[in-house]
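Number of protein chains: 2
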Amino acid sequence: MRAATPTKAPAKPKATSPAAKPFLPVIENEAATGRIVLVCEHASKQIPARWGDLGLSADQREAHIAWDPGALAVSRGLAQRLDAVLIHAPVSRLVYDCNRAPDMMGAMPARSEVHDIPGNAAIATAERLARTEAVYLPWATGLHGLIAKRIALGLNPVIVTIHSFTPVYHGKQRRVEFGVIHDADPHLSVAILNAAHKLTRLHAELNAPYSAADDVTHTLRVQATPYGLPNAMLEIRNDLIATPEAAAAMADQLAAVLNMGLVEIQRQAKAS
Amino acid sequence: MRAATPTKAPAKPKATSPAAKPFLPVIENEAATGRIVLVCEHASKQIPARWGDLGLSADQREAHIAWDPGALAVSRGLAQRLDAVLIHAPVSRLVYDCNRAPDMMGAMPARSEVHDIPGNAAIATAERLARTEAVYLPWATGLHGLIAKRIALGLNPVIVTIHSFTPVYHGKQRRVEFGVIHDADPHLSVAILNAAHKLTRLHAELNAPYSAADDVTHTLRVQATPYGLPNAMLEIRNDLIATPEAAAAMADQLAAVLNMGLVEIQRQAKAS
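Top to bottom, those sequences are chains A and B.
Residues -4 to 267 in the numbering used here are what the first sequence spells out, letter by letter.
Residues -4 to 267 in the numbering used here are what the second sequence spells out, letter by letter.
Just so you know, the hints here were simulated from the structure itself, not pulled from any lab data.
In this text the structure is predicted, and so the values were computed from the model without any measurement.
C-beta: ideal position from N, C-alpha, C; glycine also.
Covered stretches of chain A, going by a simulated chain B footprint (3 or more residues, C-beta under 8 Å):
{"#": "1", "segment": "88 to 102"}
{"#": "2", "segment": "132 to 143"}
{"#": "3", "segment": "146 to 157"}
{"#": "4", "segment": "213 to 224"}
This is chain A alone, in the form it adopts within the complex:
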């Protein structure tokens, strides 16, 4: 299961918690009527002033540990091509990783790949609460509201999260170019993978470069699975989407892939 955070004496909750300025998620294309809701948790490398530079160099603050380079550009390209709404987080995952629960090590990581994060080395309970309130809660509330309203409207939402990964991790080259990761329900992910094999020459794999067992499917688990919504997490190797042109070309390919995957699960639903 999830890695537990180091044991700390629990703090007494206050009846009214200190009001940290909340960082609201950004919603684009909200009037879209397509079924797909695009979610980009790691869109931003922005570290708000109150957290300084977290003790990191400028290079580190640009690197994949701070965000998913290219993921927002692909997400925007997909939103346009699929008549899909898009929601993305405005703060670096080094402050709070919106794809992690507040008690997961990775929510405010002290280390990411080969980098120590000095500003996260010893986070006091009050600071853990403050980041949860400032970043995670507005994010989760915004995403939940977006989804619940579309359920109420009869738009039958399908949740697709968009991520990118580094081609070299802990010194090892990754061969996979496009990963499709599922949580409890694999059917959309399998349909997307099959479509990728049919329509593209991408080296595509299921549950790669990691899987739900690595606790990377928090968003799907909280926001899609309990409502019975089809869902999938897409991972694109970031060297393939390093320029606006490359991201647009990838969006062209993946829009066709997602459309084919969606048609397939709609066919399955009708047949059952």
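Chain A is already provided as a structure; the job is to place chain B on it using the hints.
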């Protein structure tokens, strides 16, 4: 799985939705440091003025179809005895049942037991959205925030929802007095049931008078399961808690039962 709502043409979402006055959940005993978070979705029979009387008689608006009589009194008794925080919904489940997703029939039921609900007979999509925004979203957001903050604080929350049920349903007498219902993870429910058998003379059963298969565990499914939190739904036959004295006596019994159940799952967690 869940009963689907009748098919309706999906409505176009607006970029800014009409601001319906939100009905915020009530949180009591927020400074409590006990692990248990008490949740009472059906605490209130209140129908706000904008929904009139939903076409129901005064008797119907007092009946179990509108709320869970006695559940709030028992919840408050438990909150006091267990040093537990309590959250309850301020609006009748006939307007919106906070233990149901927006696309479930039961969220805004057109019929409950033997009663037609005229005000819910033909709910337009815009009205379905308005009720979701006015009642369900503030409820879900408030409960999620309460839980996430306690996770961040290291308080290891355990979610227990408190319900009551009618002794006679569709003309049949129910023999069960105390039901413990689980969602995906049964371990807290089983520990509570065993404690009830040891400590009380209540006729107690697992997954009675209904179970997760009847789609009654929405709150647990959305708010507890995705975070890996131990959880259970308690159902008390409402003729046993019809007076303040009876509710207090039940709270005495169930506080001991919940404490024993909690000790048991903590023992199991240590042993594993």
